[in-house]
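Enquirer: Sequence:
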Amino acid sequence: MLQKRGYSYPYDNKFLVTPPRTPISVVERVAWFTLLFTSITSVPAWILYHLRLYRGQSYDDWINYQNRWVKSG
0 MLQKRGYSYP YDNKFLVTPP RTPISVVERV AWFTLLFTSI TSVPAWILYH LRLYRGQSYD
60 DWINYQNRWV KSG
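In numbering that gives the first Met the number 0, the protein residues as written are 0 to 72.
Just so you know, the hints here were simulated from the structure itself, not pulled from any lab data.
Some clues are possibly wrong.
Have a look at the derived ranges for each label pair, beta carbon to beta carbon [what the hints assert, rightly or not]:
| hint | residue 1 | residue 2 | range |
| --- | --- | --- | --- |
| 1 | A44 | W68 | 20 to 30 Å |
| 2 | V26 | R54 | 36 to 46 Å |
| 3 | W45 | Q65 | 12 to 22 Å |
| 4 | R20 | W68 | 47 to 57 Å |
| 5 | R54 | P18 | 44 to 54 Å |
| 6 | I23 | G55 | 42 to 52 Å |
| 7 | R20 | P43 | 34 to 44 Å |
| 8 | V26 | D60 | 37 to 47 Å |
| 9 | I39 | N63 | 24 to 34 Å |
| 10 | P19 | S41 | 26 to 36 Å |
| 11 | W68 | F32 | 31 to 41 Å |
| 12 | N63 | T17 | 53 to 63 Å |
| 13 | V29 | G55 | 33 to 43 Å |
For glycine and all other residues, C-beta sits at the position ideal for the given N, C-alpha and C.
Put together the whole structure using the sequences plus the hints.
Expert: Put into structure tokens, the structure is as follows:
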């Protein structure tokens with residue numbers, strides 16, 4: 000019988016899908032969700048907010064650019 004090299008827990012499964020050993024409170028879940036959501040969306044939001052400055056446009060130019068497909072009159 001050959002010795003099995005390495006040790007995988009549990010058994011040979013790569014992922015263990017069971018309830019957590021220590022439950023997390025609802026307040027902590029909300030806090031973690033808020034932190035993750037804010038950290039993931041803050042950079043794209045900052046980029047979109049400052050896109051006008053990156054393009055070197057004034058506020059009026061930016062509004063005209065945003066309304067370029069809107070028919071007036």
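Enquirer: Determine for every hint whether it applies to the structure shown.
Expert: So, going through the hints one by one against the coordinates:
no., hint, verdict
1, A44 <-> W68: 20 to 30 Å, "holds, 23 Å"
2, V26 <-> R54: 36 to 46 Å, "holds, 42 Å"
3, W45 <-> Q65: 12 to 22 Å, "holds, 18 Å"
4, R20 <-> W68: 47 to 57 Å, "holds, 55 Å"
5, R54 <-> P18: 44 to 54 Å, "holds, 51 Å"
6, I23 <-> G55: 42 to 52 Å, "holds, 47 Å"
7, R20 <-> P43: 34 to 44 Å, "holds, 35 Å"
8, V26 <-> D60: 37 to 47 Å, "holds, 46 Å"
9, I39 <-> N63: 24 to 34 Å, "holds, 32 Å"
10, P19 <-> S41: 26 to 36 Å, "holds, 28 Å"
11, W68 <-> F32: 31 to 41 Å, "holds, 36 Å"
12, N63 <-> T17: 53 to 63 Å, "holds, 57 Å"
13, V29 <-> G55: 33 to 43 Å, "holds, 41 Å"
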